[in-house]
Amino acid sequence: MAGTEERTAGGPRVGIVMGSDSDMPVMAKAADILEELGIPYEMAIISAHREPDVFLEYAKNAEEKGFKVIIAGAGMAAHLPGMCAAIFPMPVIGIPMHTSSLGGRDSLYSIVQMPSGIPVATVAINGGANAGLLAAKILATSDPELLGRLKEYSGKLRDQVMAKDARLQELGYRTYMDNQKK
0 MAGTEERTAG GPRVGIVMGS DSDMPVMAKA ADILEELGIP YEMAIISAHR EPDVFLEYAK
60 NAEEKGFKVI IAGAGMAAHL PGMCAAIFPM PVIGIPMHTS SLGGRDSLYS IVQMPSGIPV
120 ATVAINGGAN AGLLAAKILA TSDPELLGRL KEYSGKLRDQ VMAKDARLQE LGYRTYMDNQ
180 KK
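Position one of the sequence shown corresponds to residue 0 (numbering that gives the first Met the number 0), numbered consecutively onward.
It is possible that part of the hints are untrue.
DSSO-like mimics (lysine-lysine), calculated; alpha carbons at most 30 Å apart, straight line [to be verified]: (1) Lys150 <-> Lys163; (2) Lys180 <-> Lys155; (3) Lys67 <-> Lys28; (4) Lys136 <-> Lys28.
These aren't lab readings, by the way, just hints derived from the structure by calculation.
Input sequences plus hints: build the corresponding full structure.
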């Protein structure tokens, strides 16, 4: 499919789709997490409003392509995640994008308020990294190796916090804060 990008070995297990390239900085955070955890994905820019025929093909063929999860980012009316969930039979994770008019609340409400029977898991506004982690956790329910990599990832996060606390205890909060500003 034109306009797609596939990363890591093997067929894609996660589809990452956004309606505009302005969403790329947030969606890239999901891709970064998937790459770090060794999860193959495909990324595409497809507008549900401007090219509904292309979107429909994408969502209808996602299962056949091997996708187990779709991460869909959208702003304002934010129809992309909900439409993916209406067509794709497996989990869809929506990322509401920050908007200049309503700060992303419009996107958040649009994604989280799906009608009964069409669920979309929703992360925070601009929550690309958490969307990638949630997709990985969904996949890890049937992939022990991936579960191990997720546990290692969590261990790294824990170690980072512990190192920061040790530094705080060593320096005191004023010096710690001064060092953060530099």
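Okay, the hints, checked on the actual structure:
| no. | hint | in the structure |
| --- | --- | --- |
| 1 | Lys150 <-> Lys163 | holds (20 Å) |
| 2 | Lys180 <-> Lys155 | holds (24 Å) |
| 3 | Lys67 <-> Lys28 | holds (19 Å) |
| 4 | Lys136 <-> Lys28 | holds (16 Å) |
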